[in-house]
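2 protein chains.
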Amino acid sequence: MSPQDSTLTLDQFFAPRSVAVVGASADTTKLGYAVLNNLVEHGFTGAVYPINPKVDQILGLPAYTSLTAVPGDIDLAVIVVPPKAVAGVLEEAGQKGVKGAVVITAGFREVGPQGMAMEKELLAIARKTGMRLIGPNCLGLIDTYAPLQASFALGMPMQGQIAFMSQSGALCTSILDMALADDIGFSRFVSLGNKADLNEIDFLQVWGSDPNSKVITAYLEGIADGGRFIEVAREVSKHTPVISIKSGTTQAGSRAVSSHTGTLAGSEKAYEAAFLQAGVLRAGSVQDLFDMAVAFAQQPLPSTDAVAVVTNAGGPGIMATDALERAGLQLATLTSDTQAMLKSGLPSAASAANPVDVLGDAMADRYALAVNAVADDPNVGAIIVVLTPQIMTQIRETAEAVAQVSRRTGKPILTAFMGKQTIGQGERILRANGLPNYPVPERAVAALAAMVRQKRWQERPMPQIEHFEADRNAVAEVFRQVKADGRLTIGDAEARAVQAAYGIPHPRSVLAKTAEEAGQAAEAMGFPVVLKITSPDILHKTDIGGVKLNLSSADAVRDAFDLMVYRAQRYQPSADIWGCLVQQQIKGGKEVLLGMNRDPQFGPLLVFGLGGIYVEALKDVTFRVAPIDRRQAREMLNEIRAYPLLRGVRGEPPSDTEAIVDAILRLSQLVTDFPEIVEIDINPLMVFEQGKGALGIDMRLILR
Amino acid sequence: MSPQDSTLTLDQFFAPRSVAVVGASADTTKLGYAVLNNLVEHGFTGAVYPINPKVDQILGLPAYTSLTAVPGDIDLAVIVVPPKAVAGVLEEAGQKGVKGAVVITAGFREVGPQGMAMEKELLAIARKTGMRLIGPNCLGLIDTYAPLQASFALGMPMQGQIAFMSQSGALCTSILDMALADDIGFSRFVSLGNKADLNEIDFLQVWGSDPNSKVITAYLEGIADGGRFIEVAREVSKHTPVISIKSGTTQAGSRAVSSHTGTLAGSEKAYEAAFLQAGVLRAGSVQDLFDMAVAFAQQPLPSTDAVAVVTNAGGPGIMATDALERAGLQLATLTSDTQAMLKSGLPSAASAANPVDVLGDAMADRYALAVNAVADDPNVGAIIVVLTPQIMTQIRETAEAVAQVSRRTGKPILTAFMGKQTIGQGERILRANGLPNYPVPERAVAALAAMVRQKRWQERPMPQIEHFEADRNAVAEVFRQVKADGRLTIGDAEARAVQAAYGIPHPRSVLAKTAEEAGQAAEAMGFPVVLKITSPDILHKTDIGGVKLNLSSADAVRDAFDLMVYRAQRYQPSADIWGCLVQQQIKGGKEVLLGMNRDPQFGPLLVFGLGGIYVEALKDVTFRVAPIDRRQAREMLNEIRAYPLLRGVRGEPPSDTEAIVDAILRLSQLVTDFPEIVEIDINPLMVFEQGKGALGIDMRLILR
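Residue numbers (the numbering used here), protein chains in the order written: chain A, 91 to 794; chain B, 91 to 794.
In isolation and in its complexed conformation, chain A is listed as follows (with noise of 0.2 Å):
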């Protein structure tokens, strides 16, 4: 399914006309009854229907033996019964045409493979009656707006813009917690469990369309379907920010994954490279996640990223100041007319310019005065306000004045009003005007950076694929003759034969089967040239003198073979020699390194470097997840440290960049095509002066 076409909407879920709460329970220790709880005390209008054949009444509600039992219709079940009789309640439950269910219990996958065989049972049934499923094990969901709270998580939180859906349902309390004491909105709510059946691009994708929630918050430890969740996220993100933690990322944090969950950790690399290419915004703790989401959920994106600061303290100015250059952003140049503006409204000790300190005595009228004038110049499209509590500070009335600036202007506003005791009553103040604080100015920056990141990501254009005409059949003969051999590696002339028919340019060579072929072939392509022994089985040819560089002569290359196949065969005299690889020899040029590895979550993953010795020892390597467009591909060579060799120093000449991005575009189209490749190597791809070209100079292929 894919998003274009989706017609997905979990009414049944987050609209819900009536919901059974299968187990619920008068027993005020169990989950059965907080569910049950819940949903009566937070105010959902619908119908609700407890079953429990053991009693007759809970909560004041009549109790139903079962889901077949009730009168009316079911929209959505909750179950809460234990592990062995979730499947026969999902059973019922499509005999009764319930639409959705949401399964608590806990005791499926997560707990070894009889659980696993137990889940797919659910699925199963799932799937034969057309309902969808959260779970299992999962804390529940909650609706602010329905509303509906179907969780055993306590309390309700405040409506706010923020949706947020959790792989861990520990975490899920832990934020409700947070969230009700610093009075943070949310739209919905989704603890994932298992994700047996619905996962998070189900919710990505609902919610993208969903007016409630302005920016979507997850929390992550493994990814279903890397390539639709990079395809549908790159949709949603392109009108509603999408913020998300990937924890289990580290080696270490990944071994705990596997003994928490069953899903398979993607490597650190392909989840960076996904992120990106998918526009998510990746958080690094539960604070930087709220961090942003509240900036997202209240203000409004910024213009551009030069950013004005308002301080009544020198000190935290340049806080702010040095975390706005760190963060990539610019303190924006006032215009001279602010400039003026401020210099007429503040006292002379007052700096003028950005960042602009009101100084210590300053009153909420001289933040009013300063916060305004920049809000209208025109050079500004950010502003961050820093207070801190010092003798003459009017708290709350500069809360008010900055509030009143945020309603007039279309600029977004941070406030890092920094302090706790006096300060309380001024962020309240700000947090009931739209107004996120911060405690620390650098807090405050680092959302603001994250906001402008989501501006730029908004404003581009979505990849533009580029199709390369190639020679695919030409291809998967060469993969067919290779597997027909029983082998799975590909090298020499078999991956030059790739190479020639995706257009990825190689030196010219020849397989020559006697040293007077050999000769013959040196002499038309000109000398030098390189000889290489070539037999699928002599792996390492360096080590028996299989390669032999500078022949300059016909003579020489004669010579060279011959000695070449005597050696080899006295080495290995089971190897089938094809004969040797007589190969135009490279001069000059610089070596880089493109590939390939199949990722198992995101698929192919594409890399570029710096070549030869430097690419093991530096690691300066740049990813993306094929397929990418030019500009992406050009992006690609900027990441890397070592660009600057390529654009030329010193008065060397540049590199022909472009003849990297178009090798490494046609990488992406043949690993497209062909997802039997599991790992690619061109190592070194020669890069020559500016309008020379580059050839790939060696290529080994894997297949599956």
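To be clear, the hints were calculated from the coordinates, so they are not data collected in a lab.
Incorrect hints may have been included.
Copies of the same chain are indistinguishable here, so a pair counts whether it falls within one copy or spans any two.
As the list claims (entries may be wrong) - Pairs of lysine-lysine residues, derived as DSBU-like cross-links and limited to a Cα-Cα distance of at most 30 Å, are as follows:
hint : residue 1 : residue 2
1    : 631       : 545
2    : 545       : 189
3    : 359       : 189
4    : 359       : 709
5    : 304       : 218
6    : 304       : 359
7    : 433       : 603
8    : 545       : 328
9    : 144       : 120
10   : 218       : 638
11   : 631       : 120
12   : 573       : 174
13   : 631       : 174
14   : 709       : 782
15   : 304       : 144
16   : 631       : 573
17   : 631       : 433
18   : 433       : 709
19   : 120       : 510
Predicted model only: the values in this text are computed from it and were never measured.
Chain A is fixed; fit chain B onto it per the hints.
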């Protein structure tokens, strides 16, 4: 004054018997009222003398017309009079025998040259009378143990073990406001102001031996005397952690500094190196600073970097694990005894490996079992306890159980009780028991990483500076000659003489005055050789064909000599041509770069990196403030990304790294011996295979 022989105590500030407030006021909107009121309100037990000629008494205390009118002795004067009156007050204080003055009044150095002159006058008066000064342009000081609240900030923080000094007075108010709400305890609190007399180094030194200050924290914008700062901080940080924010480090931030205070901000790289060498922990924000400070104040240092994580939720456990790995800490491998104990005491679904997952339904007893078990595990150096508020979670009881372990174990325990609303009750218990709690595990891990770093720092031996035999006179003679010629740049033969004097190896070379001499010299050293025109007037030799490589016969050398001199004369007739340098031509080896740049704050900043075009393109360099010892020089090598290239990759032989270390140490000695050298480049230093040494091919020096 070196830190060893210093007898500085600053008792006049932290243990005064009597305090006068000059400019005391009965007007509650005045600073002079705030200061007096704070003294009286917050428990100062000595005599307090308001000085104000216009009133008889303030706050029930008799007021005096002047300092000299006070009958008793005065240890400390806090001065809040207008800027022009301060000098007069100080003069009077001197006559009265006052030992210390806190000048709160602003309007000095920070307002321009006239203010600077007035500030110098204050210092002159203080020096004359032996009085010490804090400020001017500051908030005052606080000592919670004296107790003494001699500032105009609101409130008095709790007693605690954190000492704080700040170059921003406003930041003090924010931090006090935060500390009051979060129960963060302080020992001493000083607003440094313009640092006319006493500065960060003085307080560092004095607080280093204050038994109430277990950790010293600072907000700094500039450092008065970089060399002495390193010296003092290096001593103090060996027993007392020193944490500092250094702001104004980025380019934009530095501009803000210069417009804010008069101090010159040192370059970021110099600060990084200096803080590293001084054992000062760098904080990125006020939040980071106190995250670390609270941990140091309340918990013991870890014996190792192996951390046990105990959690009731898988997700946050993974987040903690990810953070540990990113911070370079280890997930402890629990002993089989510990694992057996956990297995027998926890439910079967729990994880008995690290991170220890006690499961979502864990009550306090399960936490107690697990935290006790890991605390007794010899493989565990530190513990992080993560808690999410789930249905069964006993927040208070768990906090108490953790506190009990904390009281009996010598290992640090940090907690991440995640949430806020219901978590608050547990957090108060944790705080009361000296357990630092963080809202997210990532912040607990960051604080722990700082503790591990501090532990390693304390165990690290003090640098042992080696002294090489060197011909100091020879270098002095070269410099004398160069200066006598009115030059400041040294290269070629003169630089080689400097290298020789300090044992920095260089290629064999001879300055030949005639073609004949050149030919003979080349024959004596062996071919091939390089020939270079030598003239103090020709800077860009290659531009006029003044460098010739690969000369392989005496004949070729003679021809090249004549041609070179002919061209040089034609190109620049006025040039003073000394002849040509015949130099052994170096083959093989890897290029590295050594150098020194004299930093305005910290002095000789050594640099090391990969040479050639890579140093420019990759900026793969590292810094230290000279003098350094062998261990530090080796660490420099290790720090560059390209270090594997020196160790040898792809079967290449390792380079002679000890020869590089030796060259760095000799350079360190040279720049320490001659402060008039402001810049040195040895680029490249060619380093050969292990045991084959290194040669400084080209060295250039610039004198002051």
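Hint check:
1. 631 <-> 545: Close neither inside one copy (53 Å) nor across copies (51 Å); limit 30 Å.
2. 545 <-> 189: This pair counts as neither: shortest intra-copy Cα distance 38 Å, inter-copy 59 Å.
3. 359 <-> 189: Neither way: residue 359 and residue 189 sit 39 Å apart in one copy and 62 Å across, limit 30 Å.
4. 359 <-> 709: both (12 Å within a copy, 24 Å between copies)
5. 304 <-> 218: Intra 35 Å, inter 67 Å, cutoff 30 Å: neither.
6. 304 <-> 359: within (28 Å within a copy, 42 Å between copies)
7. 433 <-> 603: Classified as neither; 86 Å inside a copy, 67 Å across copies.
8. 545 <-> 328: So residue 545 and residue 328 pass the 30 Å test inside one copy only (9 Å; across, 48 Å).
9. 144 <-> 120: Close inside one copy (15 Å), not across copies (74 Å); limit 30 Å.
10. 218 <-> 638: Intra 65 Å, inter 84 Å, cutoff 30 Å: neither.
11. 631 <-> 120: Result: close neither inside a copy nor across copies, 69 Å intra and 87 Å inter.
12. 573 <-> 174: neither (46 Å within a copy, 93 Å between copies)
13. 631 <-> 174: neither (60 Å within a copy, 87 Å between copies)
14. 709 <-> 782: This pair counts as both: shortest intra-copy Cα distance 27 Å, inter-copy 28 Å.
15. 304 <-> 144: Cα proximity of residue 304 and residue 144: none, with 44 Å in one copy and 62 Å across.
16. 631 <-> 573: Intra 22 Å, inter 62 Å, cutoff 30 Å: intra-copy only.
17. 631 <-> 433: Neither: 76 Å inside a chain and 54 Å across chains, both beyond 30 Å.
18. 433 <-> 709: Neither: 52 Å inside a chain and 42 Å across chains, both beyond 30 Å.
19. 120 <-> 510: Between. Shortest inter-copy distance 24 Å satisfies the 30 Å Cα cut-off; intra-copy 38 Å does not.
When the structure is compared with the earlier hints, violations turn up for hints 1, 2, 3, 5, 7, 10, 11, 12, 13, 15, 17, 18 and for no others.
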